Each structure stands twice: as C-alpha cells, then as structure tokens.
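Residue-level listing of the chains:
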Amino acid sequence: MSKIDYSDSRYTIREDLIASHRQVWDKLSGAGTWLTGEERVKVMSETRHARESATCANIKEALSPFSAANPRDAATDLPETWISMIQLIVADPGRLTHNWYQNTIEGGIPETHFVEIVSVVAHTTAIDTFAHGIGVPLRPLPEPKQGKPSKYRPKEARQHQAWAPNIAWDEFGQNEADYFVGPESNIRRALTLVPDEARSFFDLVSAQYLSGPQMWDFSSEFRAITHLQIELLAARVSALNQCTY
Amino acid sequence: MTGDHLDYGVIVGGSEAGDIGVEHGDILIEFAEAILGVDDERMEAARKAIAEKMGASALVDSAAVAALFNGIDRIADATGAPLEQSKADATVNLRAETGINEFSARKEALNAAQKNLTAG
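Chains A and B are the protein sequences, given in the same order. Residue numbering for the first sequence follows this note's numbering, beginning at 1 and increasing consecutively. Residue numbering for the second sequence follows this note's numbering, beginning at 1001 and increasing consecutively.
A portion of the hints provided could be inaccurate.
[Unchecked claim] Computed footprint of chain A on chain B, listed as stretches where at least three residues anywhere in the stretch have a Cβ under 8 Å from a Cβ of chain A:
1) 1025-1038
2) 1053-1059
3) 1088-1094
[Said to hold, decoys possible] Under the rule of at most 30 Å between Cα atoms (straight-line distance), these lysine-lysine pairs were calculated in the DSSO-like manner:
4) Lys145/A - Lys155/A
5) Lys60/A - Lys1115/B
6) Lys60/A - Lys1107/B
7) Lys3/A - Lys148/A
8) Lys145/A - Lys3/A
9) Lys155/A - Lys1087/B
10) Lys1087/B - Lys1107/B
11) Lys151/A - Lys3/A
12) Lys3/A - Lys1115/B
I should point out that these hints are in silico values taken from the structure, not numbers from a laboratory. Please read these numbers as outputs of a predicted model, since none were measured by experiment. Beta carbons: idealized from backbone N, C-alpha and C, even for Gly.
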C-alpha cells in the first residue's frame, strides 16, 4: 500500500494533516459505494492526466468547453464518458452547466457513480494541490485494493434544487445522523447521495481548512493564519475557479 | 469577511486590484494565484514570501486551505450546489461589487446555448 508521506518537505507538516491524507489515500484505493478500488484509482490517475494534458488547455480556451473534451486523450481504460466528465471537471469547473450534467447522466453515467467520481476528483485535487503548494512532487497513487462496492443508496436522497440528488438537511435517516450536524449547508449536502464520500471529503475539510465549529468560532484562531486570512485565500481560489457557490 | 474596511475587488481582480486590508493579504493573494498556476518560479517565490514573513506553519496552512478550495469548488460546480438563500441575501452587495455575479450570468448563457444546440 502506498502511504502518504511528507518527509521530503522543507516544511513541517501537521500530524493531523498527514493522518488525514493517509486516510484519504487508503479510502480512495479501496472499493467505494459504486466504484471498485481499481476504478477509483483510475479516476485519480485520469484527474492527474487531465490536469497536465493538452486537452485541459483546449477546454479552457474553447468558446464551449464541452466540444473540446477529448476522451481519446486518456491515461486509463475507463469509459469515454467518464474521461470526458473528468476532463471537464478538472479543466473548467466554473463553466459546467445543468445541461452538461443532464447530458452526462443521459450518456450512461448513473447519478450515484457521477457523485462518486466527482468526489474522487475533488479529493485528489485537494491533496495534489497541497503538494504543489508546499513544493513537493505529487505523492504516488495508492495501489488499488480488492473488494466489492457496497451499493448503498440512502432512501432519503432525492432531487432538490441542486443538479445531483442529495439528502435535505431535515430529511436524513438514522444511517446518516452522524453527518447532518450543525448549521444547514448546501455544500455539505452535495455528495450525500453517496454518504461515505460526503463524510470522507468533510473529514478532509476539517484537516485542511477548519472543522464546522471552528469555522464559526471567531474568538479563537486554530491555524497559523487567521480566519480572515483563511477566507481571503478561499475566496481568491474560488474566484479564480469562477465558482459561484 | 464582512469588514467595512476590506476592498473586495481583490477577490476577483487579484493582486493588481490593490490592497484588501488584510494583514499579509498581498502575499496570500499572490500565493492563491500561484498555486493554481503552472509557473514554478512564481510558486517558489510565493511560497518563500509566506514562509519568511509569516512562518513555515503559515505556509503549510495556506497551502492546505487553497488546495482544499481547489477541490471543493469542483464539488459545488459539478453537482450544481446552490447558494443558500440566507447567504445569497447576505452577500448581494459583495457579489455585485466583486463581479462574482458575472460568473453566473456567463454560465446561464452557456447553458442556454447548449440547450438551443440540443433542440436544433
């Protein structure tokens, strides 16, 4: 198993951050809810390939990003519909549209798989960008583990205002009671069609950003940068990504 | 980030838009821009600026936050997560002032064009 390690970093990395990244790498390499471990690691590989590929630049420059996706520009044997989806999320997330989402689902990617692929791309992006930020090479991808996806779909998940179905803040069932705590948040709902992905990503949020209670506790600082400095970084990154959330 | 003394133009306009009024805001903005880019020299200079002026731990935390949002933005945008009404109401002026509303307008135009293409 490939274990995340930052011993080559010039800077000391918080132990909780290392532990969180190790946990993510371990989870991404195993069977998920709808994807096998092998498929999840291939999605990680495609996320990296898309970022470096000529297709990424083409998508960013195109008048319509959707026409510039190139499923033949792939690093793995994942289905072409998956490759295009990953390329667009990696290269130009700010120009993704509801119509694109509908076409992707109609093209044969089930909503459940869609949400899990988004999650794997997001986890990989967060950890790869961190490596870039502290000046170390990307960490080796984990070796895929055997196992069968659980195929658990919470019965409370349904269509709301978001494109992908999710669980409303006041409709969660017993299995997800651990997750729906604190103030209502649409971004925390976004992956709840696949609850384990939502849990995993928001564990990473707690390590790389702040936990829920810490976000709203302005009487204390929890990092080496202040709440205000944290929000400035977050806002500038989101603006560069043209994220409207 | 609701302080009256803050210049929100920097959020969308970047380091060239001026001083936002946050301590070390200039080097944090530069770091956010560098970490999403591909210029290794710019990245190294941005990294060093934070490490030297704010400390190594601040660099690590800055990298963690910027990287996290590079991931979470993709979740919001790919799943179509809407902004909560309360947040939308509270940020009407901020969103207009910074030009963030233009992102939504461009996205809606692209969506309409796609629909027309499909219908045609």
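#### Entry: Violations among the numbered hints, reported as their numbers in ascending order
3, 12
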